[in-house]
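Engineer: Here is how the chains run, residue by residue.
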Amino acid sequence: MQNKDGPLADGESEAATSNPTPDFDDWAKFGDDDIMQQQTAIRAEEAEKTPFVGDKEPLSSLAAEYQSGSPILLEKIKVLGEKYAAIRRTRGDGNCFFRSFMFSYLEHILESQDRAEVDRAKSNVEQCRKTLQSLGYADFTFEDFFALFLEQLESVLQGNGTSISQEELLLRSRDQSISDYVVMFFRFVTSGEIRKRSEFFEPFIMGLTNATVEQLVFSLEVAALAAVFLKCFHFVNMFCKSSVEPMGEESDHVHITALSDALGVPIRVVYLDRSSCDSAGVSVNHHDFIPAVGGLPNASGSTETVSPFITLLYRPGHYDILYSK
Amino acid sequence: MSTPSRKRLMRDFKRLQQDPPAGISGAPQDNNIMLWNAVIFGPDDTPWDGGTFKLTLQFTEDYPNKPPTVRFVSRMFHPNIYADGSICLDILQNQWSPIYDVAAILTSIQSLLCDPNPNSPANSEAARMFSENKREYNRRVREIVEQSWTAD
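Protein chains in written order, with the UniProt record's numbering: chain P, 1 to 325; chain E, 1 to 152.
Among the clues, some could well be false.
With a Cα cut of at most 20 Å, we get these calculated DMTMM-like pairs of lysine to aspartate or glutamate [to be verified]:
1. E:Lys-7 <-> P:Glu-151
2. P:Lys-241 <-> E:Asp-90
3. P:Lys-241 <-> P:Asp-93
4. E:Lys-66 <-> P:Glu-143
5. P:Lys-130 <-> P:Asp-114
6. P:Lys-241 <-> E:Asp-101
7. P:Lys-122 <-> P:Glu-151
8. P:Lys-122 <-> P:Glu-111
9. E:Lys-7 <-> P:Asp-144
10. E:Lys-7 <-> P:Asp-139
11. E:Lys-66 <-> P:Glu-45
Keep in mind that the hints were calculated from the coordinates and are not lab data.
Just chain P, with the same shape it has in the complex:
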């Protein structure tokens, strides 16, 4: 292997250096391929900075990041320190919410060995499979992703031949061929849930979609001709197609609500931003996404009886994992 990799790597670096720098005066020649190559290069550069899932770090490493930054943030991090002990960073590649959820959930099962939770999750996964089938997705487009997630779920339970350790879980979460498949599994599940309950999600999606104005105008024209139901269906489909199903598309409260509902897993999101409307001193907001039992819509925050075992830290545009004391 070593012998084989050596010259190949050399060849690659040679190719990279001999590659002529694109002539930016000539944008006409800067086609889609160039843009995609540039995107790939940026992603590769980011990848060197942070693995998909980082090591557990003390919360002080978060404060260090803002040493010369906003005093409000430093105050908030101090408040966070009262409840939370550590942070685990994820790569900022647009998949950070799903990746954080993946690791946090599997790590929880590994530590708790909660067989009942695994059985419950599995039956929800089967429900998600039926949802996708009833929406007309071809089985073979999603079954590999489902199988791989179920395999990970089995493997964090001890006592069967394939069980894995904490270190192995971290390695797998950093292995693109596993990690990306699990992320994609969550994207399928999220998309299925949003499409299935399109009437519920539609009001939250209007204006959120990253579709271009032209697409919107087009869909408004279509909407004018179609029934209200069709309009709602169209917006939801467009949202799922452009903002849920492609890898690297960032997640918002819509995605979190849908994933939490579909899998029946409560999620706490702690917000670290510059807002400070509390005159009595700085406090840190959080929001609990609580899936309601019995197929009711997500009763976010209203039921305090279930407490989430997954806590994510949200900073505008990014999610990491938080660990309680």
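With chain P held as given, fit chain E onto it using these hints.
Structural biologist: Frame of chain P, contents of chain E only:
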């Protein structure tokens, strides 16, 4: 050698054979499941009607997490198709998702033929003509259709 991408491509092929969408066909080249030839027929009752357009699809081991590289082999005249046959289509770039199989890719390209996006032009002449002179645009499309019968 059976990798996840090759296994998936076998299933893509099976679906395309069992349940082929109207007006498209495709198959892997001999002994190479990673390289496909495909044909898209111009949709009926459009200027593209009667055209048989050949394409290649090159897959990598990252499929279906990454899209294939798709190119027209036949000469094309279309706002979103480059001179070298490569296609400017969101689902083949940043909007790709493993949800799409070969049938879905080809169907999307087929609908792009009659429904171009002149705001993201790959062929600026075709884009301009499409918006400003539909008659001339349709005439050029008919030419391309006729060429598609004779080219090898």
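Engineer: Broken hints, numbered, in rising order?
Structural biologist: 5
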